[in-house]
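Asker: Sequence:
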Amino acid sequence: MSVRHVKCVEARTVARILDGGLDRGRLAIALAWLLVLALAAAQASAAEPSRVWSWGANGRGQLGDGTEVGSNVPVMLQTLAVRAAAGEEHSLACDASGYVWTWGSNDWGQLGNGTWDSSSTPAYLTSLTSVQAVAAGGYSSAALDSDGYVWTWGDNWIGQLGHGDPDEYWSLVPAPVVGQGGSGYLSTVQAIASGYTHMVALKQDGTVWTWGSNQYGQLGNGSSAGYSLTPVQVTTLANVKAIAAGWDHCVAVKTDGTVWAWGRNDNGQLGNNSITSSNVPVQVSGLSGVDAVGAGAYHSLAVKNDDTVWAWGANGSGQLGDGTTTERHTAVQMALATGAEAVAGGQEHTLIKGANRWVYACGANGSGQLGDGTYDTRTTPVRVQELRKDVTVACGSWHTVLVIEDPIQYTLALTADPASKGTVAVTPNLATYDEGELVTIEAHANPGEFFTGWDGLPSEIVSGTTSSGGSVIQFNIIENLDITANFEGPMVWFSYEATAGGSVSCLNMTPGRYDVTDPPSQPFLMASADSGYGFLKWLINGEPAGTNTTLVFDLVKDSHVVGVFAPRRTVIVSVLPTATGTVTKTPNKVFYVEGETVTLKANPASGYAFSHWTGLPDAPISGLDVGDGSLISFTVCENHRITANFASSTVTLAYGDHTGGDITGDPPGTYPFGATVNLHASPHANYRFVKWTVNGADAGMDDDLALVLNGNKTVAAVFAYQYTLTVAHGSGSGVYDSGAVVEIVADYPPAEFDQWTGDVATVANVLSATTTITMTGNYTVTATRKMASLTYGDHAGGEITGDPEGTYPLNTTVNLHASAHANYRFVRWLVNGGDAGSNPDLELVLDGDKTVAAVFAYQYTLTVVHGSGSGVYDDGAVVEIVADYPPAEFDQWTGDVATVANVLSATTTITMTGDYTVTATAKQTEPLEVTVAMEEGLDWVYQNIPASINNGGHCLWLEVTVVAWGGNESVTVTVAKEAGSGSGEVIVEDDDVDPMVKWIVGPTRVDKTTGVGPLVLRVTATGNVQGEDVVLVPVTVRPLGDIDGNGGAEPTDTSLLINKLNGMDSSGMHRYAFDLDRNGGAEPTDLSMLTNILNGML
19 MSVRHVKCVE ARTVARILDG GLDRGRLAIA LAWLLVLALA AAQASAAEPS
69 RVWSWGANGR GQLGDGTEVG SNVPVMLQTL AVRAAAGEEH SLACDASGYV
119 WTWGSNDWGQ LGNGTWDSSS TPAYLTSLTS VQAVAAGGYS SAALDSDGYV
169 WTWGDNWIGQ LGHGDPDEYW SLVPAPVVGQ GGSGYLSTVQ AIASGYTHMV
219 ALKQDGTVWT WGSNQYGQLG NGSSAGYSLT PVQVTTLANV KAIAAGWDHC
269 VAVKTDGTVW AWGRNDNGQL GNNSITSSNV PVQVSGLSGV DAVGAGAYHS
319 LAVKNDDTVW AWGANGSGQL GDGTTTERHT AVQMALATGA EAVAGGQEHT
369 LIKGANRWVY ACGANGSGQL GDGTYDTRTT PVRVQELRKD VTVACGSWHT
419 VLVIEDPIQY TLALTADPAS KGTVAVTPNL ATYDEGELVT IEAHANPGEF
469 FTGWDGLPSE IVSGTTSSGG SVIQFNIIEN LDITANFEGP MVWFSYEATA
519 GGSVSCLNMT PGRYDVTDPP SQPFLMASAD SGYGFLKWLI NGEPAGTNTT
569 LVFDLVKDSH VVGVFAPRRT VIVSVLPTAT GTVTKTPNKV FYVEGETVTL
619 KANPASGYAF SHWTGLPDAP ISGLDVGDGS LISFTVCENH RITANFASST
669 VTLAYGDHTG GDITGDPPGT YPFGATVNLH ASPHANYRFV KWTVNGADAG
719 MDDDLALVLN GNKTVAAVFA YQYTLTVAHG SGSGVYDSGA VVEIVADYPP
769 AEFDQWTGDV ATVANVLSAT TTITMTGNYT VTATRKMASL TYGDHAGGEI
819 TGDPEGTYPL NTTVNLHASA HANYRFVRWL VNGGDAGSNP DLELVLDGDK
869 TVAAVFAYQY TLTVVHGSGS GVYDDGAVVE IVADYPPAEF DQWTGDVATV
919 ANVLSATTTI TMTGDYTVTA TAKQTEPLEV TVAMEEGLDW VYQNIPASIN
969 NGGHCLWLEV TVVAWGGNES VTVTVAKEAG SGSGEVIVED DDVDPMVKWI
1019 VGPTRVDKTT GVGPLVLRVT ATGNVQGEDV VLVPVTVRPL GDIDGNGGAE
1069 PTDTSLLINK LNGMDSSGMH RYAFDLDRNG GAEPTDLSML TNILNGML
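For the sequence shown, my numbering gives the first residue as 19, with consecutive numbering after it.
Keep in mind that the hints were calculated from the coordinates and are not lab data. Treat the hints with care, since some could be wrong.
Said to hold, decoys possible - Think about it this way: if two alpha-carbon atoms lie no more than 30 Å apart in a straight line, the pair counts; the simulated DSBU-like pairs of lysine-lysine are:
#, residue 1, residue 2
1, LYS555, LYS619
2, LYS941, LYS868
3, LYS619, LYS603
4, LYS555, LYS575
5, LYS731, LYS619
6, LYS731, LYS709
7, LYS221, LYS322
8, LYS603, LYS555
9, LYS619, LYS607
10, LYS439, LYS575
11, LYS221, LYS259
12, LYS731, LYS804
13, LYS607, LYS555
14, LYS259, LYS322
15, LYS259, LYS272
16, LYS868, LYS804
To be verified - Pairwise CB distance ranges, derived in the manner of DEER restraints:
#, residue 1, residue 2, range
17, GLY564, SER666, 21 to 29 Å
18, ASP765, VAL726, 18 to 26 Å
19, GLY471, GLY224, 52 to 60 Å
All C-beta atoms, glycine included, are put in the ideal place defined by N, C-alpha and C.
Turn these sequences into a full structure, and let the hints guide you.
Answerer: Dropping the structure here:
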C-alpha cells in the first residue's frame, strides 16, 4: 500500500465524519466522468466488428496507442469493441464477446487488473464476462452485465463503488454493487453512468438509483448526508428512459420527453433558471420532446425528437456550441448545421454524433480533444476529421473515445456512353471503397463532342453540381453505385426572335439542337414589319448579318438570330437661298427606319459655296469636321427636316469697335468664301483685352483669333479699362475692370469691426465687415477696428502700475498691479464699479471702455493683555476680544476702551479707529493675612499680601518667601497656621536656612475648612542670631496658580509656563518658584502630568 493510498483513507474517514462537508483535497482540477450515449441502431448492430478511436490528452497513456503523446486527430486502436468510456486519465471498452478492456492511469486501481500498474495499451479483464456497457468516473470504473448487475472497481474514498463496506477505500478488481441498504445486489439495471465521485443506474422499471458522494445533493434522494455507501432511489422520479452524469450533477429524460436534473447548480447546469443546487430532481425549463441527454463537468445536453441539440450550464470555452462563451441557466439551441442523434460532454468540450453520421465537436481544445487537427477553441461545432460512420461517443476530461464500426465495402462502376465520344476517371481508383470514403469522378468529352450529364449519381453531393451538367463531382460513397457519363457528337443550337415592331419566321427549320453536317444546314428566315415600323437589320449572336428582309446562312455553330425593327421616319432636305445649290441623299427613299444611316452631300451652284447645315439631329454626325463639312452622315432618330445653306463665293471682312486697343493681322477687305484670316488684339495702357465678337456674337477670349470666312464677318475686340483697389487691414486688393463689383473683407471679426474708411463712395455697406465696392476709379479703403479706453479710477492708499491708461483695440488684454503704501493693505479691484477680485495682479480684457479702481485700507495695531485678539486690522474693522479669565472671575476691560462695545463682558468687540491697547482684569478676593513673628528682642512685623484665592476650595497651594539678614549661623524657619485660622499645625519647617539667603517654601499644600475666614500664617525664624541688626523681611505668600506673580491670569504660552515652573522669574533670576513634584529639582515638562499637579493631584 502506498503512502498516497493511506492518505486517501484518512481523508475519506474525515469526510464521512463531517457527513457532507466534503473537501476532495485533490490536486487534479480536471473532470473525470463518463457518459456513453449509444443509438438504438448501434445497439442493433453490436455484433458488427467495430474499433476504438481516441484523441486528445495522453499523459498517462489514456489514448491506448502505446505512447504518452497526445493527438489532435483521431487515432485508431486495434482493439475491437462495441462500447467505450473515458475517465480522468483512463479509458475502457467492452467488446462483442462481453469482455472489458482498460488502459491509461491505474493510480487507484481503476484498470481493474489487480495491480497498481498503468498501461498505454488496452488489456482485457479476465474476471468479467457478458458485459454490455461500461462507465468511468474520476478514478473509478463500472460495467453492466447482460444479467442487469453492476460491477465497479478503482477509487472508493467516498463510497462511489457501492460495495457497502465502510473500510474499503479502493478495489483493484471488479466487485458487484450491493442492493438497497446493503442487502443483496443491485439488479435489473439497463443503463449506467458515472460522475466524478458518484454513480447512477437506470433500472428496467424506469426508476433511478445513485450512490457515492452527495456533497451537492447529486444522489437526488432529498438527503443532506454527505455520501451513501449503498444505492438509494432518486425520489419523485419514474418512467425514466435515459440518464447522464456530470461532475456533481445528474440528468435524466422521462418517457414523456421531459428532462429532469439534480445536484450541483453553480453554473446553471440544472437548467431551471437558477444557480441553487438541489437534492431532489427539478424539471429543466422549456424542454420537451427529448430523446437523449448528456452531461459535461458543469454543463448539460439534450437531443430532441426533431434532431436539434440543446445545451445549458457553463460555457467558458464555448462548450454549449451557441457561438458565445455566455453561461446559460436555461437551455439554448446549439448552432449545428445538421441534425443530431447523440451527445456527450467532457470537462469543457462537447461531442455530437450527427444524423449524417459525421462526428462534430465544440468547446475547449487545448489538448486537441476536439479532433479537428487544431488546438483552437471552438464556440460552434466543427467536424472531426475523417469520421463518418456509425459511432458510439464518449468524453473524458481532456480526451475523447469513440467506437466506430469497421467500414462496409462498396463498389463503384463508372462508364462513358457512348465510349467513342468521351472518357471518365475516378479518384481514388479502387476495386472497393470503405463506407463514407470521399470519391471524385470526372467526365471528359473528345474533341468536337459534348458531355451532357450523369446518370446514377448518389443523392448527397459534397462538391460539383448535377443541375447544370457539372463534369467533376465529389461525394462520399455509402452504397454500391453504377454511374454513367453521357456524351453526344458535335451539335449546335439554333434560335431566333424579333424586336418590337415586327416578326420573324423560319421557313425550313424550328429552334432547337442540330448536328453539324456537311454541307451545313441553312435556315431561311423572313422579317415582317408591323404598321408604322420598318425592318432595320439582322443580328446573329449580336453581330450584324444584313439589312434585307430575308436571311439565309450556314448553321455551323450555336446561332441566335434577331430581327431588328424600328419606327418609320422621314428625312426632308432643302437649300437656302433657293437655287444656290442641291443636296444628294443616300439612300434616297421616302421612308427610313429609326436607326438607319443616311448620307447627305451639299452641292453649291456656280458662284456659290457651301456655308453650313441647319436642322441636324443631336445624334452623332460624321463629316462635319472633314473639308468644308458639305458631306455628312447621321443615324435617323426621328422625322428630320434639314437645310443646306449656301453663300456667295466671295465674302468681306470688316473691323468693328475696338476702343481701348488695336486689331492687327489680316486687314479688312474681300476674301474667297471659306478663307481663314488671323487676327490679334493688343490693349492700350491701363486696358485689358476681354473678348472677340463676330457679327455681334461672342467668339472667344484668346487674344489671337483664327476665323473662317464662311460669310461676311464684322469682327470687334472688346477692351476694359482697369483700376487699382488697395484694401488696408482686409482682403480684396488687386487690379479690376471698370465697373467690376469686388468683395472686400475686413481682417477683424464682425464683433470687432467698426467701419470702412477712405474711398468709400461706391462701397455697398461701410458698416459691414464683408461687403462690395464698385470699381469706377483707383480706390484705397481701410477697415477700422472698434476701440476701448482704459482709465484708472480711485486708488487712494496705493498705486496702479502696468499697462498705462489710454485707448486700445477692442478685446485687447491688459495687465495691472496694485501696490499698497505704508500702513495700507490692498483690498480689491473695481472695474466699472463691479468687484473684480482681490488678487493684486489683474488681467483684464478690454471688451469695452473700462475704468479700473484699486481699493486700499489703512491698518491699525491692537494689543490685548490677558486676552486674545491682538493683531493688525483695517481702519473701521470690528474685532472680537476675549479675556483669559472665566466670566465669573473677569472684572473689566481697561486701557483704550473708548470703542469697546462692552467693557464689562469677557467676550466683546472693539472698533479699530486707531492703535489701541486694552487689558482684561480679574476680580480680587479678600487678602491673605500673614503674621510674621521673631524670637526675643525682635519686633513683630505684620503685612497683608493681596492674592487671588478661591475660598470655596478644600485646599490651596502656597509659595512662602522669607529672607533673614544677620547672624552667621543657620536659621530655622517655620511656617505654621495661626490658631483661630486653622488647626495650628506646622505647614513646613526648614532648619538649614543660610542667613542672608532668600528662602522659598513651595509649593506647599494647606488644607482649610470651607467657610473659615482669611488664613493667618505665623512665620518664625530662630537660631544663633547676633545683635539687633538681624532683620526678618516681610513674607510673600501667594497661591500656586499665580505663577507669574501678577495677580491675574496665568501665561498661556507653554514655553513661558515651563520657564516659570523651572525657576525663572520676570527679572530673569533663577529660583525654584515651585517644587511641584517635590524632587528638589526642575519641574515636569509633560503637560498631562503638569495639569494633574496643578489640579491638586499628587
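Asker: Name the hints, by number, that the structure is in violation of.
Answerer: Hints 2, 12, 17 and 18 not satisfied by this model.
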